[in-house]
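The chain contents come next:
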Amino acid sequence: ELKVEQNPLFLSMQEGKNYTIYCNYSTTSDRLYWYRQDPGKSLESLFVLLSNGAVKQEGRLMASLDTKARLSTLHITAAVHDLSATYFCAPEYGQNFVFGPGTRLSVLP
Amino acid sequence: GAVVSQHPSRVICKSGTSVKIECRSLDFQATTMFWYRQFPKQSLMLMATSNEGSKATYEQGVEKDKFLINHASLTLSTLTVTSAHPEDSSFYICSAHPGQGPQHFGDGTRLSIL
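If you read the sequences in order, they're chains A and B.
Taking the working numbering, I'd label the letters of the first sequence as residues 3 to 111.
Taking the working numbering, I'd label the letters of the second sequence as residues 521 to 634.
Hint data in this document are derived by calculation from the structure and do not stem from the laboratory.
Any given hint could be a false lead.
[Claimed, not checked] Incomplete in silico selection of chain B near chain A, CB under 7 Å:
| hint | residue |
| --- | --- |
| 1 | ASP547 |
| 2 | PHE548 |
| 3 | PRO560 |
| 4 | SER563 |
| 5 | ILE613 |
| 6 | HIS617 |
| 7 | PRO618 |
| 8 | SER632 |
| 9 | LEU634 |
[As the list claims (entries may be wrong)] A short list of chain B residues far from chain A (calculated; beta carbon distances all over 12 Å):
| hint | residue |
| --- | --- |
| 10 | VAL524 |
| 11 | ARG530 |
| 12 | GLN549 |
| 13 | GLN562 |
| 14 | LEU566 |
| 15 | GLU579 |
| 16 | GLU583 |
| 17 | LYS584 |
| 18 | ASN590 |
| 19 | SER603 |
From the three backbone atoms N, C-alpha and C, an ideal C-beta is built for every residue, glycine too.
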């Protein structure tokens, strides 16, 4: 059975701190996407990771992919309140995505 | 960037009503479109995959007679929730796939059945 897990599911952190969100998936995939969702909104694309060892950074967020370990990470550096949202990872299989359960991040002032 | 338009953004209607949601790719042709449902504080669950000119492929547990999908052109797919009931209340999101690269998501439709 295809499973995608995220850890943690809920994260409350202080502004200025660093933290990492983990995404594990059970079946090999060569591509993985990270999305952000604000309450009541649709998905906003953050990163597309296309190969093993891929690392991408945008602002305070950095994502990496290890296809052999079936693991992706989303690292938050010096968090700010504007990063509060739910973050989903989604490995790609064919044209389809399988979404993780999401990590709800709250950054406290 | 690629834009997917989803309409309406919000629907409130009485139980027993049928509701149609449209998903349009505005600047590319989408051979495949996807329909997702998201309950509060949960992840997105794929309902069906819609291919232009052919029947949609439904995920296990999704009633095809309840959720009618039509993909009549390369830029338009519609989802009709027939005889909607309160348990159908949810956030419905479509996405369109241009053939290469990532899916592009619509803004979602919040459906509330009274």
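Evaluation of the provided hints:
no., hint, in the structure
1, ASP547, "violated (16 Å)"
2, PHE548, "violated (14 Å)"
3, PRO560, "violated (10 Å)"
4, SER563, "holds (5 Å)"
5, ILE613, "holds (6 Å)"
6, HIS617, "holds (5 Å)"
7, PRO618, "violated (10 Å)"
8, SER632, "violated (13 Å)"
9, LEU634, "violated (19 Å)"
10, VAL524, "violated (9 Å)"
11, ARG530, "violated (10 Å)"
12, GLN549, "holds (14 Å)"
13, GLN562, "violated (8 Å)"
14, LEU566, "violated (7 Å)"
15, GLU579, "violated (10 Å)"
16, GLU583, "holds (20 Å)"
17, LYS584, "holds (18 Å)"
18, ASN590, "holds (19 Å)"
19, SER603, "holds (26 Å)"
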